[in-house]
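Chains as they are written, first to last, in the working numbering: chain A, 6 to 498; chain B, 36 to 178.
Hint data in this document are derived by calculation from the structure and do not stem from the laboratory.
There may be inaccurate statements among the hints.
[Said to hold, decoys possible] Output of the computed footprint for chain B on chain A, the stretches with three or more beta carbons under 8 Å from beta carbons of chain B: (1) 254-268; (2) 304-316; (3) 429-439.
Quick caveat: nothing in here was measured; it's all calculated off a predicted structure.
Here a beta-carbon is modelled for each residue, glycine too, at the ideal position from N, C-alpha and C.
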Amino acid sequence: MPASDRPRSNLRQKATQTAAATWEIAPDAKKGMRVPARIYATPQLLAEMDDGVFEQVTNVAMLPGIVDHAFCMPDGHWGYGFPIGGLAAMDPEHGVISPGGIGFDINCGMRLVRTNLTYADVRDRIHELVDALYKRVPAGVGARGFLKLSDEEFRQVALHGARWCVEHGYGWPEDLANTEEGGAIRGADPDKVSARALDRGRSQVGTLGSGNHYLEIQIVKPEDVYDQHAAQVLGLTTANQVVIMFHCGSRGFGHQIASDYVQTFASLMQKKFGIELPDRDLACAPFRSPEGQAYFAAMKCAINMSFANRQVILHRVREVFSDVLQRDARELGLEMVYDVCHNTAKLEEHEVGGRRRQLLVHRKGATRAFAAGMADVPARCHEIGQPVIIGGSMETGSYLLRGVASGKQAFFTTAHGSGRTMSRNAAKRQFRGKDLERDLARRGIYVRAVSYAGLAEEAGAAYKDIDAVVAATAAAGLSQPVARFTPIGNVKG
Amino acid sequence: MPFEILADAPTSDVGFSASGATLDECFRAAAEATTSVMVGDLASVRPQLRRETVIERDALDMLLVAFLDEIVFYKDAESLFLLPQSVKVSQFEGGWKVEAHWVGEPIDPQFHMLSGDVKAVTLHRLRVWESDNGWHATVVLDV
């Protein structure tokens with residue numbers, strides 16, 4: 006690779022602080038920017054961000070139809086096209102839809118489940134529980150789920166998401182009320198999905214995947230509850246209560262849908278739509294074009310498949326806890342706290358310049374965080390705001406937060422995770438999976454991983470400080486922490 | 036080594052550069068690099084079954100993406116690890132064509148040392164070029 010191809014950016018110097026944990030790059034910083042770029046970060050998080058983030062967020066500001074700002078969340082890191090942690094709202098009439106603004110893992114997301122158990126109840130059973138989860142929730146390259154779906158059944162999953170699962174016995178009706186979009190987004194059309202994508206995804210419902218995807222057993226220490234009232238409302242009521250959190254997406258199905266449309270848009274963007282952009286990974290199509298609408302409807306199939314994936318995994322989690330502890334899942338109180346997406350584009354209504362308008366909101370490694378009283382916030386959370394789940398690295402812990410009114414400044418969006426600071430390759434050179442496993446065991450975290458190499462890539466030191474990321478979202482007014490979770494058991498792909 | 040993992044790919048992705056005296060060899064090296072991201076030891080992938088690929092694209096770099104996408108596709112659709120047995124890249128009026136034979140076997144977590152799961156072949160920094168000493172490509176995989 007010629008050295009000149011490496012991203013180098015003087016844009017970092019052009020970021021000026023405009024409010025707490027808020028930095029802006031004016032549109033005259035780079036030719037072609039239509040709106041300013043805004044990065045949410047503490048000074049230290051900003052200093053740790055790759056140069057690529059500054060280039061990419063200012064590239065996003067060039068997309069046709071972008072409204073207000075191109076945003077990057079405090080966990081932002083260098084992705085392809087958009088930074089991971091990217092947020093961009095487009096005017097649906099004159100703007101574009103870009104698969105790179107959503108990510109290859111469409112509707113990658115987080116699901117949090119509470120229990121009536123405390124640490125004392127599971128301390129001596131943690132190996133049994135994690136081993137059983139490892140067996141029952143397939144993870145890693147090439148893993149297949151227990152559901153054997155026909156073509157027609159898989160199309161129904163793409164249409165109806167988690168609702169299909171609950172109707173077929175894989176979940177409880179109330180799970181849907183506690184899932185973003187009720188677990189099934191409207192407007193999905195499997196006819197807009199290639200046969201390749203259907204073939205890749207059909208056997209993967211109920212699989213975790215690999216990379217940064219995981220399933221964790223965690224506890225809430227009493228000193229880690231920051232908002233007692235919201236915690237109570239969300240079912241976190243006991244000291245050292247056990248919760249289960251998992252992170253996964255639409256697997257090969259979503260990856261293929263994104264690949265198919267990135268390749269189509271890349272070849273049409275200039276030729277057919279006359280759109281010139283500095284990076285082909287920003288490939289896009291006008292939202293109202295037939296191609297743009299086709300991708301939107303196909304992408305929604307992956308959103309639904311991902312909801313179904315997390316729903317079936319929850320079903321397996323309930324089975325495992327029930328089998329190992331010999332008690333009914335209802336009695337164990339294995340109720341959903343919430344399920345959030347962090348790789349989507351959705352039509353939402355927001356106020357811009359004093360006027361309410363419909364916008365196509367791209368969130369790539371960014372979480373919707375609606376405030377109290379807004380539509381689509383589950384009824385029981387109406388006065389506290391939408392629950393937001395932010396997963397940390399397997400070593401450092403994770404957070405439950407809530408959306409707040411001041412989130413309006415970023416179309417009610419917040420961070421999604423801790424964000425990498427070290428490349429996978431560098432982490433693999435620096436850490437050994439087996440050492441990490443031993444080290445985690447000493448600290449009371451029992452890990453089962455399909456791949457030691459994969460485990461090494463996910464070392465905590467390869468990630469930003471999750472506490473700093475959450476503090477930055479609070480300082481900037483994007484979300485407020487409710488509680489922090491400490492891992493005690495982890496299944497990794 | 037016909038391929039090399041890049042030290043400076045995006046933080047959540049894996050990039051590589053591949054080279055060969057001919058375009059066929061360069062594509063073959065890129066295919067081996069892609070499979071090597073998923074399985075620790077390429078020699079552990081035994082030639083137990085065959086698959087074939089014929090793809091045409093307008094542009095050479097997009098042909099490479101579609102060619103590598105086959106490995107990613109078979110990994111999920113049929114749970115297979117594949118390696119290129121023969122690769123023939125040719126130019127025709129208005130485009131490029133690749134014909135490939137793959138050999139490989141079903142993924143077995145007990146036998147293969149599993150590594151990363153490639154989600155997609157991205158267009159990020161994608162480049163295929165010819166120099167005095169042969170053909171070269173850079174590719175970034177989303178992992």
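Here is what the structure says about each hint:
{"no.": "1", "hint": "254-268", "result": "holds (count 8)"}
{"no.": "2", "hint": "304-316", "result": "violated (count 0)"}
{"no.": "3", "hint": "429-439", "result": "holds (count 3)"}
The earlier numbered hint that this structure contradicts is number 2, and it is the only one.
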